[in-house]
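S.K.: Just need the whole structure built from these sequences, with the hints factored in.
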Amino acid sequence: TEQASSNAFDDYAGLEQLLTQNRIGLWQDPDKGQIIWIPMFRSADGEPLWVGRVVGQSAFADLLQNLLIRGLLISIPVLIGILFVARRVTRSIDSIGNSLGQGVQRIVSENSEVNFNWKRPIELKEVGENLSRLSVAHARNQRNLVSHTQELEESNRFKSEFLANVSHELKTPLNSILVLSKLLKDSEELDSQKREQAAVINAAGRDLYRLIENILELSLLERMEQSPSLEETDLKQLILDTVELMRPQYQEKSLVLETRFDSASLPMIVTDNNKLKQILRNLLANALKFTEHGSVTISVNIDYSEVSHSLPVHISVMDTGMGIPAEEQQRIFEAFLHADGSIRRRFGGTGLGLNISQRLTHMIGGKISLDSKPGEGACFTISLPLEYNPLITPDEEKIPARENQAPAVATEKMPDYQGKHVLIIDDDVDHLLQLSRILSQWNIEAIIASDDEEIREALVENPDCLLTLINLDLCDSSKCDSIHLIEEQSYQCTLVAISEEEQTDVSGKRFECVLTPPFDAVKLKELIDHQLQTMKTD
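Note that UniProt numbering has the sequence shown beginning at 1, numbered continuously upward.
Calculated directly from the structure, the hints in this document are not laboratory data. Check the hints yourself; a few may be wrong.
[Unchecked claim] The following label-pair restraints were derived from C-beta to C-beta distances:
(1) E47 x I74: 33 to 41 Å
(2) E327 x S265: 38 to 46 Å
(3) G323 x E512: 34 to 42 Å
(4) V200 x G323: 26 to 34 Å
(5) L73 x N115: 22 to 30 Å
(6) D371 x P267: 23 to 31 Å
(7) F84 x E512: 48 to 56 Å
(8) N443 x L174: 46 to 54 Å
(9) E252 x D416: 55 to 63 Å
(10) E461 x R133: 46 to 54 Å
[Stated by the list, open to error] For lysine-lysine, the following DSS-like pairs were computed, each having C-alpha atoms within a straight-line distance of at most 30 Å:
(11) K536 x K523
(12) K367 x K525
(13) K523 x K509
(14) K171 x K277
(15) K289 x K236
(16) K523 x K367
(17) K182 x K194
(18) K171 x K289
(19) K277 x K185
(20) K182 x K159
(21) K289 x K253
(22) K182 x K253
(23) K525 x K420
(24) K275 x K159
(25) K185 x K171
(26) K171 x K275
(27) K236 x K194
(28) K373 x K275
(29) K277 x K194
(30) K253 x K275
(31) K159 x K32
(32) K194 x K289
(33) K525 x K275
(34) K289 x K159
The C-beta atom is built at its ideal place from N, Cα and C for all residues, glycine as well.
M.R.: Structure, rendered in C-alpha cells:
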C-alpha cells in the first residue's frame, strides 16, 4: 500500500502538500484542470477521507460575481445610511452653532433674555439651560444698571439744579456786600484800621463770589445747558481787555503782568467771545494765586504748519510760580482736586478753575495743554481753530466722563447708512456696546467677530463691509490672527485699529488709523464717508 500511495502522489505533484493541510483546497491537474478536494469523513484510523471534484472557471467567476453583488447590496445601503446620519448630525451642529452665535450676539448687543432650548443630548441640554440662566441674569443686571444709572443721572441733575439755584440766590446779597465793603475800604471818613477791615471783607467776598461763579458754571456745564455763541472776535483786543481787567489784582500782589504777540496784528477768529474771556481769566487767576514773585506773561502765536493746521491759534499763560510735578499734571484738571493737600491748605481754593477752563476750551473746539517742572513755573497753552467747527473734535485729553456713558454724537441731523455693514473684530464688551450704539443710530449693522472661525464666516458672508475695526489686543493674542485671515481672503476693506493707547504705532501695517475709547463719533463718520466716496470712485 505504501508503494502504491507513494506512486500516486508522485503522479500528482503538489497533491500531497494540499492534503496534509487538512482543509478544503484547489489543486491543478494537468489534464482535468482545477479539482476541489474536500475532507468529507474520518476513517477508522482517524485519517480524513478526501473527495475530489473537477470545477470549471465559470463557476468561480459566478461565485466571485455573486459575492461582489452581495457585497455591493450590503455596503451601498450602509454607506447611504452613514451619509444620512452624518448630514443630520452636521445640520444639527450648524443649527446649534447658529443658535448659539445669534443668542450670544443678542445677549451682548441687545441685553435680551435668550432661551437656548436644546433637547438632546443631555449634556448639551444642560449647557443650554445654563446659558439661558446666564442670559436672564445678564439682562436683569443690565436693566438694574440702566435703572441705577438713570437714578444717578437724575440725582446729579437735581444736585446741579440745586447748586445753580443756591448759587444764584447767594450772588444777590453778596453783590451788596462787595459794593458796600468797597465803599468802606475807599472811604476817607474811616480810620486806617477800619479801612483795612473793610478791605479784608471785600477780598473774602471776592473769593466767595468767584467760588459761587465757578460752582454755577460747573453745574451748567454738567447739565449741558451751554452752547457756543459764535461771533467774529478781535483776538488781540480781547486779550488786552482781559489783561487790563486782571491787572489791578496783580498790582496788589506786586507782580508783573505782560503780553507778548508774535506779530503786530493778529487775525480775526470766529469763536465764543465770552467763553474765551472766561478761560483766560481763570488761567490768569490761577497764575496769580500760585505765583508769589516774578511775572506772568500771556503770549499769542499763530502757527500754520501742517502739524497744527486745524488749531493754529496758541494762547499761552506762563508764570514763574512753584511749578507742577509731572505725575500730578493730569489730576489738576479734575474738579475739586489740587496737586496735593498742602497746596489747598496754603493757597485755598476749590480746584474748579482748571476743570472749567478745560471744559470750556473743549466746548469752543480747542484743547488745553500744560508744560511745567517743579520750581520752574508753569505754562498753560490753549490751542484754538481760526473758526469753530462743531464737526471737528480736537485730539486731546477727554474730559472725564461717567463710567459706561455712551460717547456723545454731534447734535446735527443723524446720517442714514441703511443697509451698510461694519465688521468689528473685538471681544471687549464696553467697546462693542459703545460702537454698536453709535452705528445703530446711523442704521449701520455691526457684525461682531472674536475668533478665527467667526472672522472667516463674516468675511465670506459680508465682503462689502464699509470698515473693519480690529482690537489690537485681540489681534496680538493667540485667539485669532485677523490680519492673516483678511489677507488670506483678499479682503480690500479699510482697516481701523482699536487701541487703548493713543500713540499706538501702526506704520507698516494696513491700518488707516487708530481709534481710542471713548470713541469719537465724528472721526468714525469721516472714515465711513471717505470709504463710501472711495467706493463710488472705484
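S.K.: Hint by hint, note whether the structure agrees.
M.R.: Going through the hints against the structure:
The supplied range of 33 to 41 Å is met by E47 and I74, whose beta-carbon atoms lie about 40 Å from each other. With their beta carbons about 41 Å apart, E327 and S265 fall inside the hinted range of 38 to 46 Å. Hint check: G323 to E512, Cβ distance near 40 Å, so the stated range 34 to 42 Å holds. With their beta carbons about 30 Å apart, V200 and G323 fall inside the hinted range of 26 to 34 Å.
Separated by about 47 Å at the C-beta atoms, L73 and N115 break the suggested range of 22 to 30 Å. Between D371 and P267, the C-beta spacing of about 24 Å keeps the proposed range 23 to 31 Å intact. The hinted range of 48 to 56 Å is satisfied by F84 and E512, whose Cβ atoms lie roughly 49 Å apart. Range check, N443 to L174: Cβ separation about 52 Å, and the 46 to 54 Å hint holds.
Take E252 and D416: their Cβ atoms lie about 59 Å apart, and the range 55 to 63 Å holds. For the hinted restraint 46 to 54 Å between E461 and R133, the CB-CB distance of approximately 30 Å leaves it violated. For the hint linking K536 to K523, the alpha-carbon distance of about 20 Å falls within 30 Å, and the restraint holds. Straight-line distance between C-alpha atoms of K367 and K525 comes to about 21 Å, which keeps the hinted pair within the 30 Å bound.
Between K523 and K509, the direct Cα distance comes to roughly 20 Å. Compliance with the 30 Å bound is thereby established for this hinted pair. Under the criterion of a C-alpha separation no larger than 30 Å, the hint pairing K171 with K277 is consistent with the structure, at around 20 Å. At roughly 24 Å between alpha-carbon atoms, K289 and K236 fall within 30 Å of each other, so this suggested pair holds. A threshold of 30 Å between alpha carbons decides the hint, and for K523 with K367 the separation of about 17 Å falls inside it, so the pair holds.
Note on K182 and K194: the hinted pairing holds, with a Cα-Cα distance of about 12 Å set against a maximum of 30 Å. Under the criterion of a C-alpha separation no larger than 30 Å, the hint pairing K171 with K289 is consistent with the structure, at around 23 Å. Restraint check for K277 and K185: satisfied, since their Cα atoms lie roughly 28 Å apart, inside the 30 Å limit. Between K182 and K159 the alpha-carbon distance is near 33 Å, which puts this suggested pair outside the 30 Å criterion.
Of the pairs offered as hints, the one joining K289 and K253 holds, with about 10 Å between alpha carbons and a cut-off of 30 Å not exceeded. Restraint check for K182 and K253: the C-alpha separation of about 18 Å stays at or below 30 Å, so the hint holds. Proximity of K525 to K420 is assessed by CA-CA distance (about 13 Å); at most 30 Å being required, the pair is judged to hold. Between K275 and K159, the direct Cα distance comes to roughly 24 Å. Compliance with the 30 Å bound is thereby established for this hinted pair.
About 20 Å separates the Cα atoms of K185 and K171, which keeps this hinted pair within 30 Å; it holds. A hinted pair counts as satisfied when its Cα atoms are at most 30 Å apart, and K171 with K275 qualifies at roughly 20 Å. The hinted pair formed by K236 and K194 fails the criterion: a straight-line CA distance of about 41 Å is larger than 30 Å. Note on K373 and K275: the hinted pairing holds, with a Cα-Cα distance of about 28 Å set against a maximum of 30 Å.
For the hint pairing K277 with K194, the CA-to-CA distance comes to about 35 Å; that exceeds 30 Å, so the pair is violated. Our distance criterion of 30 Å between C-alpha atoms is met by K253 and K275, whose separation comes to about 26 Å. For the suggested pair K159 and K32, the alpha carbons sit about 118 Å apart, so the restraint of at most 30 Å is broken. Of the supplied pair hints, the one linking K194 and K289 holds, its CA atoms being roughly 26 Å apart against a limit of 30 Å.
For the suggested pair K525 and K275, the alpha carbons sit about 28 Å apart, so the restraint of at most 30 Å is met. For a cut-off of 30 Å, the pair hint linking K289 to K159 stands: about 29 Å separates their Cα positions.
Checked against the numbered hints listed earlier, the structure breaks hints 5, 10, 20, 27, 29 and 31; every other hint is satisfied.
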